[in-house]
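Combine both chains into one complex, guided by the hints.
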Amino acid sequence: MSNAKIPDPAFAQSIIDAGGKTLDLCYQCGTCTGSCPSGRTTAFRTRQLIRKAQLGLKDDILPSDELWMCTTCYSCVERCPRDVDIVDIIILMRNMAVQKGYMAEDHKKVGASLLKTGHTVPSSDKMKALRTSMGLPADPPTTISDAKAMADFHKIMEKTGFVKLIGGQ
Amino acid sequence: MTNDKFALFLGCVAPLRYPGIEKATREMFKALGYNLKEMPGAGCCPAPGVIRSFDQATWLALAARNLAIAEKEGCDILTICNGCYGSLFDANHILHEDPAMLAKVNEILKGIGMHYSGKVQVRHFADVMFNDIGIEKLQQKITNPLNMNVAAHYGCHFVRPSKIKHLDDPERPHILDELIGWTGAKSVPYAEKNMCCGAGGGVRSRDGKFALSFTETKLKNMKAAKADYIIDVCPFCHLQFDRGQKDLPGYNLPVIHLAQLYGMAMGLPRASLGLEAHEIKVNL
Ligand code: SF4
Ligand code: SF4
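Protein chains in written order, with the working numbering: chain D, 1 to 169; chain U, 1 to 284.
Hint data in this document are derived by calculation from the structure and do not stem from the laboratory. Predicted model, so just to flag it, every value in this text is computed and none were measured. There could be a bad hint or two in this list.
Distance condition first, Cα-Cα at most 30 Å in a straight line; then the derived DSS-like pairs of lysine-lysine [said to hold, decoys possible]:
{"no.": "1", "chain 1": "D", "residue 1": "K116", "chain 2": "U", "residue 2": "K110"}
{"no.": "2", "chain 1": "D", "residue 1": "K109", "chain 2": "U", "residue 2": "K209"}
{"no.": "3", "chain 1": "D", "residue 1": "K148", "chain 2": "U", "residue 2": "K119"}
{"no.": "4", "chain 1": "D", "residue 1": "K148", "chain 2": "U", "residue 2": "K209"}
{"no.": "5", "chain 1": "U", "residue 1": "K104", "chain 2": "D", "residue 2": "K100"}
{"no.": "6", "chain 1": "U", "residue 1": "K246", "chain 2": "D", "residue 2": "K109"}
{"no.": "7", "chain 1": "D", "residue 1": "K155", "chain 2": "D", "residue 2": "K100"}
{"no.": "8", "chain 1": "D", "residue 1": "K155", "chain 2": "U", "residue 2": "K72"}
{"no.": "9", "chain 1": "U", "residue 1": "K30", "chain 2": "D", "residue 2": "K128"}
{"no.": "10", "chain 1": "U", "residue 1": "K104", "chain 2": "D", "residue 2": "K108"}
{"no.": "11", "chain 1": "D", "residue 1": "K109", "chain 2": "U", "residue 2": "K104"}
{"no.": "12", "chain 1": "D", "residue 1": "K116", "chain 2": "U", "residue 2": "K72"}
{"no.": "13", "chain 1": "U", "residue 1": "K141", "chain 2": "D", "residue 2": "K155"}
{"no.": "14", "chain 1": "D", "residue 1": "K100", "chain 2": "D", "residue 2": "K126"}
{"no.": "15", "chain 1": "U", "residue 1": "K72", "chain 2": "D", "residue 2": "K128"}
{"no.": "16", "chain 1": "D", "residue 1": "K148", "chain 2": "U", "residue 2": "K246"}
{"no.": "17", "chain 1": "D", "residue 1": "K148", "chain 2": "U", "residue 2": "K72"}
{"no.": "18", "chain 1": "U", "residue 1": "K37", "chain 2": "D", "residue 2": "K164"}
One chain only, chain U, in its complex shape (with noise of 0.2 Å):
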């Protein structure tokens, strides 16, 4: 039987820069007995960083409309970035706790046609993967089980703000961890794991200087724990990673999403990872 719970919110980074991701993540939740949904004419979340900082308005309103999408479609939301996350996440959580803002956003939908009830569930495909789906029908599927040593990077917005996510523990989250052990790889400790990788917050189109300064610290501490690989839950973070180490010389880690982590351990085709978008080659 297959699941119809959840659809596959795509945000920007992931379709139009490392269409890998979106793909390993359809033949993942395939496999695993998900029959993900389309969010038809979704856009950007919009992203938190930049959008919202420009206007929160119309940040939750553009949200709301993403959130009304997957309601008409009688689905959960299913995403696969931290910042798409963030932003659905908090823009849904507002409108729960805000009877008054929820009128006022169905106010500017009314005038497309739509309306949002507030009955959409916002996940991390992580979180889904470690608390629904599970260690045991994870680990049926892994027919490639993988070698190496990795840095995870949890990113600012799967966890955080843990007072409305509730997802792990902010200071030690270990979700990640364990996905990454599933799978046979190792995940290293290192210094300052929980440090943003400076894309952020609009830092990276704003300051791309100031935001790789981040990303070398972060680099620097993976390479000290002797990690080979960056293993992340966000393309935002994994395009940081992934072009920064361009700009920074003396660097050459390969950067990986989590769903083609899975995808390699779960024995996708090759082709259904999407590495060569990759600028640091993944030579697996």
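Only chain D is shown next, with the shape it has when bound in the complex (with noise of 0.2 Å):
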């Protein structure tokens, strides 16, 4: 049987103490749902997310796609009368989702990029003729072109546990 529906309170908490501190003021006016751009053509109420969190209803949000349909947008934030971080609690359940290992397979390869050269997209070698083409450095002078700081930048996401948490190297 399906315990998606009981809520825990402890989980409402977690965010909370996370910093979710604005999650308890929301009184479900519904002002998010309607500026919300993506719950125009789908089932995507913020509303409800926010709903759902205060009572704790952790297995009915962390494996859920809807948690992952804000663009944070910031356009609920705007006229949240409540002042509700409805942004930071998305972000914050989010974090707990890919923790208990929920995270779709074209999020690990933008992670296993920032790994790899600490940029989110690779370069290639016509982009490299087109800026030497425009008087730039081939590569920018980032982690893209820095071992040292490529690696200052990896020992970052090893201390943090992020290397881990994508499954990378």
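Okay, structure coming up:
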């Protein structure tokens, strides 16, 4: 039997403790849902997600797709009459989902790119040629062209557990 | 006299997908008397939608490393991307508000011989153009006034969340429209102008089709308002509109970053604008 609807107050508390102090302030007016571009053409309801979080419906939230439908556009945050940090709360729950192993393959690839070059997108020979033709260095003066900087960048990701988290090297 | 105040933060999408945005920014600021410093060894900001959603502690520590690089150079940070601005501004804000968090991050930075004390300001280049440089100095440099109808796309993380950024009215922003107007181009009003392009929050990488549904709504409204170009202030929105139109038949609106627009208006050589990298050809 599914236990998806069993409230877990400890989950709501863990969001609050992690920085989502404004979670309790939501009085379910629905202004966020009415402002949300993601909910227009889909069943995603910001108000409902916040309600689920208040109730601690952890098993409903963490594996869900809806958790990842927010573009972090902040339209709701601008209008919420209770100053709920909606985006921060969604991000905290995403962090918890990732900790539980719920992470899209395409997102793992973005993480892997960060581990490799310190950037979310790779370069290419074509890009290097274009940069050079414009009088820019073939590679930008970033982690992508600086082995020491890349090693430092990687060290931070080891230390915070990110390397392990996304199953990378 | 040159102004040494800013170090240029490149991020990922500008230097590795649309280097014309980087080049035009460098040339424009040089012409305006700024000597933009480098941020040697900087990395991804890191991206607010993906990396922050995966692990906030990692996001904060990597952002602090970037902030520390600028601090070492004795500079404030100039960003050319809403995502970089969003991440670095937010991270800086957290580190300012929360000394315990700053101490924790510095423990991590110590492992690579770095330290951040919180002295850096993070700025968006359009904010600097509008508020620091201003109409007079910018218009003095305009040798090739533009005559075109454009749709201004602010994106999400330039003026929002306004409670920490305080740059502009979040519901009716005007900075970008004014900056466009100063070049001679006309920013046309269109429906749902403040709407997101669809790319943010990790949505583009996780569900590209869903992201495109936002993009299509925006394009439809821009086209209905008879805009001939899209002007953005973010390489990621830029990419979403430019590459997105390949998969959206019936649309062919060239996408131009504000730095490229000023490059045109200031008469920079076309080669400095990197328009070859654009999917939707810019015939100007
Ligand atoms: S706008 Fe704020 S108070 Fe209203 S439902 Fe949404 S989060 Fe709750
Ligand atoms: S920030 Fe997320 S939940 Fe809020 S309006 Fe934008 S997409 Fe919807």
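Given hint K164/D paired with K37/U - CA-CA distance at most 30 Å
This hinted pair is violated, its Cα atoms lying about 35 Å apart.
Take a quick look at whether K148/D and K246/U sit within 30 Å of each other, Cα to Cα.
39 Å, violated
Would the pair K109/D and K209/U pass a check requiring their Cα atoms to be no farther apart than 30 Å?
18 Å, holds
Decide if the proposed pair is consistent with the structure: K116/D and K72/U, CA atoms, cutoff 30 Å inclusive.
Roughly 25 Å between the alpha carbons, so the hint for K116/D and K72/U holds.
Taking 30 Å as the top limit, are the C-alpha atoms of K30/U and K128/D close enough?
Satisfied, since the Cα-Cα distance of roughly 23 Å is no more than 30 Å.
Straight-line alpha-carbon gap K72/U to K128/D, limit 30 Å:
Measuring from Cα to Cα gives roughly 28 Å; hence the hint holds.
Going straight from one Cα to the other, do K100/D and K126/D come out at no more than 30 Å?
39 Å, violated
Against the 30 Å threshold, does the CA-CA distance of K155/D and K72/U hold or violate the hint?
20 Å, holds
Are the Cα positions of K104/U and K100/D separated by 30 Å at most?
24 Å, holds
With a cut-off of 30 Å on the C-alpha distance, tell me whether K148/D and K209/U pass.
38 Å, violated
Given hint K109/D paired with K246/U - CA-CA distance at most 30 Å:
Satisfied, since the Cα-Cα distance of roughly 23 Å is no more than 30 Å.
Take a quick look at whether K104/U and K108/D sit within 30 Å of each other, Cα to Cα.
26 Å, holds
Hints 4, 13, 14, 16, 18 from the list above are not met by this structure, while the remaining hints are.
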